[in-house]
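Novice: Below, each chain spelled out in residue letters.
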Amino acid sequence: MKITILTFAQTRTQLGFGGKVFDCEANETPREIFRRVAPQFDPGKTIRVAVDQEYADWDKPIGNASEIALIPPVSGG
Amino acid sequence: MKITILTFAQTRTQLGFGGKVFDCEANETPREIFRRVAPQFDPGKTIRVAVDQEYADWDKPIGNASEIALIPPVSGG
Amino acid sequence: MKTKIEFTHVPIVMPPQSFASHEIGAALEFAGLVRELEDGNKIPGLHYEAHEPMARKELEKIFQELGVKHPCEEIYFSHRLGFVPVGEASLFIRINAKHRQAALALMAELIDRLKQDVPIWKVSQTC
Amino acid sequence: MKTKIEFTHVPIVMPPQSFASHEIGAALEFAGLVRELEDGNKIPGLHYEAHEPMARKELEKIFQELGVKHPCEEIYFSHRLGFVPVGEASLFIRINAKHRQAALALMAELIDRLKQDVPIWKVSQTC
Numbered sequence: 001m002k003i004t005i006l007t008f009a010q011t012r013t014q015l016g017f018g019g020k021v022f023d024c025e026a027n028e029t030p031r032e033i034f035r036r037v038a039p040q041f042d043p044g045k046t047i048r049v050a051v052d053q054e055y056a057d058w059d060k061p062i063g064n065a066s067e068i069a070l071i072p073p074v075s076g077g
Numbered sequence: 001m002k003i004t005i006l007t008f009a010q011t012r013t014q015l016g017f018g019g020k021v022f023d024c025e026a027n028e029t030p031r032e033i034f035r036r037v038a039p040q041f042d043p044g045k046t047i048r049v050a051v052d053q054e055y056a057d058w059d060k061p062i063g064n065a066s067e068i069a070l071i072p073p074v075s076g077g
Numbered sequence: 001m002k003t004k005i006e007f008t009h010v011p012i013v014m015p016p017q018s019f020a021s022h023e024i025g026a027a028l029e030f031a032g033l034v035r036e037l038e039d040g041n042k043i044p045g046l047h048y049e050a051h052e053p054m055a056r057k058e059l060e061k062i063f064q065e066l067g068v069k070h071p072c073e074e075i076y077f078s079h080r081l082g083f084v085p086v087g088e089a090s091l092f093i094r095i096n097a098k099h100r101q102a103a104l105a106l107m108a109e110l111i112d113r114l115k116q117d118v119p120i121w122k123v124s125q126t127c
Numbered sequence: 001m002k003t004k005i006e007f008t009h010v011p012i013v014m015p016p017q018s019f020a021s022h023e024i025g026a027a028l029e030f031a032g033l034v035r036e037l038e039d040g041n042k043i044p045g046l047h048y049e050a051h052e053p054m055a056r057k058e059l060e061k062i063f064q065e066l067g068v069k070h071p072c073e074e075i076y077f078s079h080r081l082g083f084v085p086v087g088e089a090s091l092f093i094r095i096n097a098k099h100r101q102a103a104l105a106l107m108a109e110l111i112d113r114l115k116q117d118v119p120i121w122k123v124s125q126t127c
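Residue numbers (the numbering used here), protein chains in the order written: chain A, 1 to 77; chain B, 1 to 77; chain C, 1 to 127; chain D, 1 to 127.
Pulled out of the complex, with its shape left as it was, chain A reads as follows:
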């Protein structure tokens, strides 16, 4: 299956792309996918992950999701 990965703010700089499509499996977790496609990237404790536009668990399989987004600390307003 295919997954779209979106990055924002400093994570876009860190990963070098804003949005890109990757191959993945339904039983992979966001953490596993990022380890595979961006081995140098460490989400640390401050970067959250959203799966299909909802905050999600780094260690829960993505199922049939079509989008993963990296959500660094937000600063709107």
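These are computed hints drawn from the structure, not numbers from a lab. Quick caveat: nothing in here was measured; it's all calculated off a predicted structure. Careful: at least some of the hints might be erroneous.
As the list claims (entries may be wrong) - Below, in silico cross-link-like pairs of lysine-lysine (DSS-like), each with a Cα-Cα straight-line distance of 25 Å or less:
hint, chain 1, residue 1, chain 2, residue 2
1, A, Lys-45, D, Lys-57
2, D, Lys-4, A, Lys-60
3, C, Lys-57, B, Lys-2
4, C, Lys-122, C, Lys-69
5, D, Lys-57, C, Lys-98
6, D, Lys-42, A, Lys-20
Here the structure of chain A is known, so what remains is to put chains B, C and D in place on it, guided by the hints.
Specialist: Chains B, C and D in isolation, oriented as in the chain A frame:
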């Protein structure tokens, strides 16, 4: 000396005037003045008094003040 | 802190915003409108009256006191007097501040204090 | 509760007020402006970006949640994206409610939640 007495909202209805000048003495308190000029009027616990446009004590002599106002519970806004 | 107080017998017209400095990060405006139901009865509007010079003095005191707790740059305060029809504003307050927290806290406490201590009265039609 | 969310790449223009009912007693508006000093440095403005579809979903969730605690009639929310020069609004929120307390509480909590959970970022010029 002369004192202007101002009334507002329901106190204007109760006393029958909005503003009126009375004779008084510097050692009279607001309570004494109202007892004299409006014997039927009872400020109760909710009506405050202002002397020269500052909230004041019903039982403190007015000194050389020129205005006393009855301040029923306010309801601006 | 720059402050301005107005009482008007005609509909309140908000002055256009003009920010005193580039350090204002929060502009907060409140309008209090006359509602159609007063104690469950339909009304055409409310009459407001004030001891205007005393109201100005009380407001200035409240502004100074609250401005210490919640530093803000500007307060513009306007209250309508006389008859105010349903749906129109009896009160308009604008607060400009560096930070939203101060503006929001000052706004909330200012309206509370207004309703406690500032000699303005609404008088229902039947009075 | 009527809600509307807008993201715009041009200056925010407040829609004119039109009160849904004669039971609205409080109209509260907040504008967040870009300040000249960011971490002590003079800046020409800020760039904003968002995960817009997710931001809309998060905002709707927050509106529903806060609307239960603080019943209000209408929320209009607009956030500017792209470059926002100093002195201009990056954020505009209007809340209309029966009572001021609900409007003020919802405004304060909404902005707090925005800054915690809604995927919008300000990016300083040097990025």
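Novice: Given the proposed pairing of C:Lys-122 with C:Lys-69, does the C-alpha separation stay at or below 25 Å?
Specialist: Not OK: C:Lys-122 and C:Lys-69 at ~29 Å, beyond 25 Å, violated.
Novice: Does D:Lys-57 pair with C:Lys-98 here, judged by a C-alpha cut-off of 25 Å?
Specialist: Not OK: D:Lys-57 and C:Lys-98 at ~29 Å, beyond 25 Å, violated.
Novice: For the pair supplied as a hint, D:Lys-42 and A:Lys-20, is the alpha-carbon distance within the 25 Å limit?
Specialist: Roughly 35 Å between the alpha carbons, so the hint for D:Lys-42 and A:Lys-20 is violated.
Novice: Is the hinted pair A:Lys-45 and D:Lys-57 satisfied, with a Cα-Cα distance of at most 25 Å?
Specialist: Cα-Cα ~24 Å, so holds.
Novice: Check whether the Cα positions of C:Lys-57 and B:Lys-2 lie no farther apart than 25 Å.
Specialist: At roughly 23 Å apart (the allowed maximum being 25 Å), B:Lys-2 and C:Lys-57 satisfy the hint.
Novice: Compare the distance between the alpha carbons of D:Lys-4 and A:Lys-60 with 25 Å, and conclude whether the hinted pair is satisfied.
Specialist: Status violated; Cα separation ~33 Å.
Consistency with the previously given hints fails for numbers 2, 4, 5 and 6, ordered from lowest to highest.
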